[in-house]
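Respectively, the protein sequence lines represent chains H and A. Going by the working numbering, the letters in the first sequence line up with residues 1 to 55, in that order. Going by the working numbering, the letters in the second sequence line up with residues 1001 to 1213, in that order.
Because the hints were derived from the structure by calculation, they are not lab data. Everything numeric in this text was worked out from a predicted model, so none of it was measured. All the pointers check out, no bait thrown in.
Using C-beta positions, here's what the derived DEER-type ranges look like: (1) P1160(A) to I53(H): 47 to 55 angstroms; (2) L1204(A) to K54(H): 16 to 24 angstroms; (3) E1126(A) to I36(H): 26 to 34 angstroms; (4) E50(H) to I1011(A): 31 to 39 angstroms; (5) G1121(A) to V46(H): 21 to 29 angstroms; (6) E50(H) to S1175(A): 45 to 53 angstroms; (7) P1098(A) to I53(H): 48 to 56 angstroms; (8) I1011(A) to L49(H): 30 to 38 angstroms.
Every residue, glycine too, gets a C-beta built ideally from N, C-alpha and C.
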Amino acid sequence: MSLLNLQDVEMADAFRADGKIYVVVAVVSIVVLGLIAYLFSIDRKVSKLEKEIKK
Amino acid sequence: MAAGLVLYTVIFGLIGEVPRQPILNETIRNVYFHVPMWFGMMALMISSLVYSIKYLRNGQVQDDVYAVEFANVAIVFGVLGFITGSLWGNYTWGDPLPKDPKIIAVEVGLLIYSAYFVLRGSFEDEQKKARLSAVYNIFAFASFMPLVWILPRLTDSLHPGNGGNPAFGKYDMDSNMRLVFYPAILAWILVGVWISSLRIRIKLLNNHLQDNL
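Looking at chain A on its own, in the form it has when it is part of the complex (with noise of 0.2 angstroms):
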């Protein structure tokens, strides 16, 4: 499915019928792939808070591999998302690092969720490295969500629904569009949710094979 949704993106995102607008042209399309990262990553990264929280209400070690895988798969797509970005913005906004406060809110949360993989490496005790760092991510979490969805909305910024502006229905989408949009979303979710599992699975499988030893 989350293949199906892909391809459906792909094709429809490039061949679909898209507004003409000034500076943006043909980049509007973009919004079906380096947006969808985004969703991608705030998905993968409430999946891992909440399997933190399990973590720290019954302490399975399932449920912090669980946390971990999330938050990587999560930190990949935010990457892909900010070098698209800055790729995006290259062209468009002519600087592929404006000082925009949501790239720059973006950067520090980044920087945040790549501190909780250094916490976890500086552990030795298993147990001890779970606990903390499942601490840790709830933190991370907290202070990221304000960073890149409130605090850019207090200033201006060159992000649409940004500045003042509620988000959606300023986003410049006709109904074809959100035709396409939508579904991309959903599928690059599903693919980051596939790829966490995959990690999960290899994880546990190697965690069992460590026990038998």
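Just chain H, with the same shape it has in the complex (with noise of 0.2 angstroms):
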């Protein structure tokens, strides 16, 4: 155990470093990814209202 404390254990924790900031990052671009995914869709009804308007 006193082993294991004296070397720095390297983990992915990248996420929990830095007052966990990379937690804030993640959430604002999950909240901006979906919508964006969601207006693509939007997106594509309107081409689709388009299409049948020029038929």
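With the hints as a guide, bring both chains together as one complex.
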């Protein structure tokens, strides 16, 4: 146990570093990505509508 | 206005002063992004409810379109709130989906609302579809609200404002945070209404087109 404590155990803990600011970054990205994906689906609907009007 | 408020939220949500707290650390800033998702969802669900009632009162197809699209965007906001919440919980509560009454209630609630769309898809007759789904929408709203607002307060919850505590005031927010938080709520609600209105306009145009064919 003491040996473990001596070494700096490297783990994938980037999300817990720097006051966990990266969690906030991830949360904001999810919101933005989600809304943009949703907007893309709406965009497709508009394109479909445009095609139908041209017909 | 919605875009401006969102921009304000993102900038000041990231650089503004926030109280320093253990465990939460900087993730307190998620309050500006995760919590307003739920507020947006609630606002859209209320709008959906209003239009469902309106439809039942006068039978205008237009009101049915409004109700559907508001509910649709409400679900998207709910899912986003859910995903962001589980990510946030993973790093602060140590578990992406702890057995928290509010989380379970919201899972059930989102399923109830998904069933609204399944129900709509299962009818051929337009009028019957609109009428029954409007009734179901009222039922869904009436069961969703007590699930997320009242039930978690009867037991212990990890969420602030639950487990017997009144909501605001206990929110560990200082006046600096409120200055961002309230515009953030308004911003995301407006974005939700905006997206819904786009969908409504598309749907109405589509209906118009079908009628003229």
